[in-house]
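Asker: Here is how the chains run, residue by residue.
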Amino acid sequence: MVMKILKILGLGLGGMVLAVSVGYAQEVNLYSARKEALIKPLLDEFSQKTGIKVNLVTGKADALLKRLETEGANTPADVLITVDAGRLHRAKIAELLQPVSSDVLQESVPASYRDPDNYWFGLSLRARPIMYAIGKLDPSTLTSYEELAEPRWKGKICVRSSSNIYNQSLVASMIVAIGEQQTEQWARALVANLARPPKGGDRDQIRAAAAGQCTIAIANTYYLARMATSKKGQRAREVAGKIGIIWPNQKGRGTHINVSGAGVTKFAKHKDNAIKLLEFLVGGEAQRLYADSNHEYPVKAGMEPSEILKQWGTFEGDSVNLSLLGKYNSTAVKLMDRAGWR
Amino acid sequence: MVAVSALLALPILVVLSFVLQPASDVWRHLFETVLTDYVINSLLLMVGVGVGTLLLGVGSAWLTTQYQFPGRDTLIWALLLPLSMPAYITAYTYTGMLDYAGPLQYQLREWFEWSYGDYWFPEVRSLPGAMAVLSFVLYPYVYLLSRAAFLEQSVSMTDASRLLGCTAWQSFRRVALPMARPAIIAGLSLALMETLADYGTVQYFGVDTFTTGIFRTWFGLGDSSAAAQLASVLLGFIFLLIVLERWSRKRARYHHVGIRSQPFHVQFLTGWRAAAAISACALPLMLGFVLPTAQLLLWAYRTADQMIDPEFYRLIRNSITLAAGAATLAVFIALLIAYGKRLSPNKVVVSAARVAGMGYAIPGTVIAVGVMLSLAWLDNNIDFWFRNQFGISTGLLFSGTLFALVFAYMVRFLAVSLQTVESGLAKIKESMDDAARSLGYRPKEVLRRVHIPIMRGSLLTAGLIVFVDILKELPATLILRPFNFNTLAVRAFELASDERLADSAIPAIAIVLVGLLPVILLSRAIARSRTTTYVDRTNGNI
Numbered sequence: 000m001v002m003k004i005l006k007i008l009g010l011g012l013g014g015m016v017l018a019v020s021v022g023y024a025q026e027v028n029l030y031s032a033r034k035e036a037l038i039k040p041l042l043d044e045f046s047q048k049t050g051i052k053v054n055l056v057t058g059k060a061d062a063l064l065k066r067l068e069t070e071g072a073n074t075p076a077d078v079l080i081t082v083d084a085g086r087l088h089r090a091k092i093a094e095l096l097q098p099v100s101s102d103v104l105q106e107s108v109p110a111s112y113r114d115p116d117n118y119w120f121g122l123s124l125r126a127r128p129i130m131y132a133i134g135k136l137d138p139s140t141l142t143s144y145e146e147l148a149e150p151r152w153k154g155k156i157c158v159r160s161s162s163n164i165y166n167q168s169l170v171a172s173m174i175v176a177i178g179e180q181q182t183e184q185w186a187r188a189l190v191a192n193l194a195r196p197p198k199g200g201d202r203d204q205i206r207a208a209a210a211g212q213c214t215i216a217i218a219n220t221y222y223l224a225r226m227a228t229s230k231k232g233q234r235a236r237e238v239a240g241k242i243g244i245i246w247p248n249q250k251g252r253g254t255h256i257n258v259s260g261a262g263v264t265k266f267a268k269h270k271d272n273a274i275k276l277l278e279f280l281v282g283g284e285a286q287r288l289y290a291d292s293n294h295e296y297p298v299k300a301g302m303e304p305s306e307i308l309k310q311w312g313t314f315e316g317d318s319v320n321l322s323l324l325g326k327y328n329s330t331a332v333k334l335m336d337r338a339g340w341r
Numbered sequence: 000m001v002a003v004s005a006l007l008a009l010p011i012l013v014v015l016s017f018v019l020q021p022a023s024d025v026w027r028h029l030f031e032t033v034l035t036d037y038v039i040n041s042l043l044l045m046v047g048v049g050v051g052t053l054l055l056g057v058g059s060a061w062l063t064t065q066y067q068f069p070g071r072d073t074l075i076w077a078l079l080l081p082l083s084m085p086a087y088i089t090a091y092t093y094t095g096m097l098d099y100a101g102p103l104q105y106q107l108r109e110w111f112e113w114s115y116g117d118y119w120f121p122e123v124r125s126l127p128g129a130m131a132v133l134s135f136v137l138y139p140y141v142y143l144l145s146r147a148a149f150l151e152q153s154v155s156m157t158d159a160s161r162l163l164g165c166t167a168w169q170s171f172r173r174v175a176l177p178m179a180r181p182a183i184i185a186g187l188s189l190a191l192m193e194t195l196a197d198y199g200t201v202q203y204f205g206v207d208t209f210t211t212g213i214f215r216t217w218f219g220l221g222d223s224s225a226a227a228q229l230a231s232v233l234l235g236f237i238f239l240l241i242v243l244e245r246w247s248r249k250r251a252r253y254h255h256v257g258i259r260s261q262p263f264h265v266q267f268l269t270g271w272r273a274a275a276a277i278s279a280c281a282l283p284l285m286l287g288f289v290l291p292t293a294q295l296l297l298w299a300y301r302t303a304d305q306m307i308d309p310e311f312y313r314l315i316r317n318s319i320t321l322a323a324g325a326a327t328l329a330v331f332i333a334l335l336i337a338y339g340k341r342l343s344p345n346k347v348v349v350s351a352a353r354v355a356g357m358g359y360a361i362p363g364t365v366i367a368v369g370v371m372l373s374l375a376w377l378d379n380n381i382d383f384w385f386r387n388q389f390g391i392s393t394g395l396l397f398s399g400t401l402f403a404l405v406f407a408y409m410v411r412f413l414a415v416s417l418q419t420v421e422s423g424l425a426k427i428k429e430s431m432d433d434a435a436r437s438l439g440y441r442p443k444e445v446l447r448r449v450h451i452p453i454m455r456g457s458l459l460t461a462g463l464i465v466f467v468d469i470l471k472e473l474p475a476t477l478i479l480r481p482f483n484f485n486t487l488a489v490r491a492f493e494l495a496s497d498e499r500l501a502d503s504a505i506p507a508i509a510i511v512l513v514g515l516l517p518v519i520l521l522s523r524a525i526a527r528s529r530t531t532t533y534v535d536r537t538n539g540n541i
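For the protein sequence lines, the chains are A and B, in the order given. Numbering follows numbering that gives the first Met the number 0, in which position 194 of the first sequence is assigned residue number 193; successive positions increment by one, without gaps. Numbering follows numbering that gives the first Met the number 0, in which position 422 of the second sequence is assigned residue number 421; successive positions increment by one, without gaps.
Pulled out of the complex, with its shape left as it was, chain A reads as follows (with noise of 0.2 Å):
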């Protein structure tokens, strides 16, 4: 019976195997870090317009990037998102992507978005501003990043933990502009203030503000946008209103961004077609998507963010190029090691 069982498993499985990678005579083979539900519905719609099959394996930046390195000269994968730009840069030295030559993205995407050499490319831009408990706090007393340091928002503060690329990256960025020894005493003061010791994401900074656990919340504005806009979630509808914004640093260096982007990997089998997609992400039309679903900023010039965003204002994005956020993130982590940010 053993045996019987076997067999029909084995069937099953080798049919499974069959069905995966059944080829098609357009395609694109994608590893990407942004997660399936966000991505498909505009893989989908590529698809579609332009007839060739999307192949996706998701999955954590690093892991992937780990995966296109053993795969080597074999891998099958064209092209690479991740969610931020530092995992991009990484991905660069690590000489896992190829320079692209497209006027369309070159047009599209701002300078200071894409590598200086087009080894990629950002697709969406995420801002991280202060978020503060409405009432408790007066939001012209606030106006930097470097403010958070000083001893009055003690036991104000909540942040996630420094794990987080997140953080690593708005670390890196103050590294790039005040230098490594000002962040680290900035970071250490900041620890000094936090209300609780960092855990959960970035939606639980948010509702500890709401529900008044601290009063200032650091956190990337989709989620606040994915609240206030929940269908369902009433909740979630009542803690986003407790929470206003401020832009920080509009007099300086401005409020941080990062980037989720692509590039094409350096063993490309279908590098047309990748740069294809590419060129989709960064149209009108994938980037209204972008914007209205997940509400991140559309990376493409001219064009309006989502509805909720657009009532939270305008305000001047920190113009670093990102790729040094990549360069300096081991900087940051090992600073906020020290620093006891856990």
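Derived contacts from chain B toward chain A, CB cut-off under 7 Å, selection only:
#	residue
1	Met371
2	Gly394
3	Ile478
Read the hints as simulated data drawn from the structure, not as lab findings. From a predicted model like this one, the values you see are computed outputs, not experimental measurements. The beta-carbon is built from N, C-alpha and C at its ideal position, and this holds for glycine as well.
Here the structure of chain A is known, so what remains is to put chain B in place on it, guided by the hints.
Answerer: Here is chain B on its own, set in the frame of chain A:
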């Protein structure tokens, strides 16, 4: 067989081989800053989960084997249910219920007009919280194995101890418990190895353990060799524990000499004693299954219409086929290795199996990297050879296929299947082999006609635990799977890590439901092996 076990040990050896690389300055940084905390947290977590799983697991196993009380027959299998809950999902549900911003504390604040700092409430997302959550989901390993051990203990032992004047408690502590020690330790070691490998729960709870350190080093500092070196330290630690355990029971032997000739006596409990026994056994079930599932259902209720689509049924099918196929293979390989060892203890096989068995304590992502490196090396060499010989490129034959995934499962879960199968095999006396051989059976036939029928219970147990484990497995599945291949665990994780807990509830519940089936099968198999198979077979009616 040598080849199979060596192949399974390969990914672990690949990880270990990073030790030979020069240490980078990341190590100094870690020593100077966070490493001490990581180690202390990991040790405390192990102690906490150890105590928790022992109390919940051994306690409920003892009560359900020794006593009869209302609801016992249901509890016997229901106690296994938490096995089907992925730990990180349980962690999310408890946070959802008990966090500061959650509904319970919100209500309390509304009723009593409290605000932050006015009252004390235990913090879910903390080290004690992680200990509790992991104990709730991992105790079934201890329960399962210690219950099987208690059932096998001969009644005469307990009777003898009682005749010698022991109270029920003394007889438990001085006879039954020491006799069941190997089984309890086996269950405990599975629970602790999973604790060490856990990343989802501790990361969400903000508890920095050695494993979170591995990931921080890899993802944050971008140093994958230092991360592999940290993983090797973890392996060394596991190895040390295994050696210590073996050494401490070196001279003790755990044979059950007598044959259980009488049916098992169970004591009937009534009144408050029955009530106490029921509550003691229902508690782990409530904490590990009922409460988290209730929260999941509540979330699922709100999102079901969006989340259930044709794609969803494909996820279920993928999950079941993959888990069932891999679990069967895992049992098959375990049987192969265990039986091979019994026929002729081969040093290579024994040590390779031991190395592979440690895979259970390694975070799945690290195993996945070991698998990727091994298979990519193999693929690229085959490709190179074919290109040289025939001028054709074979590309990647194994990497990025289901084979890679199944291979990773074998490495990661061999410990589970091998331990269960070995203990089943060890209970069959060697004289049985001799008798069958003297009747002219070849070793393969002995295995098929004598051993497999006798140890059907153990084989099922092994297969079903691995099935449930694979169903829940995340990191290796995520990174090794082929294009366009999703499972329930992947879907649940992606939504949860995108902070869409409510949306992740549907796939999470599906994991629980699919996992339920084998758990029920498993408990029925155990019940059967106890009442009929065991007694008949050991009386020699083969």
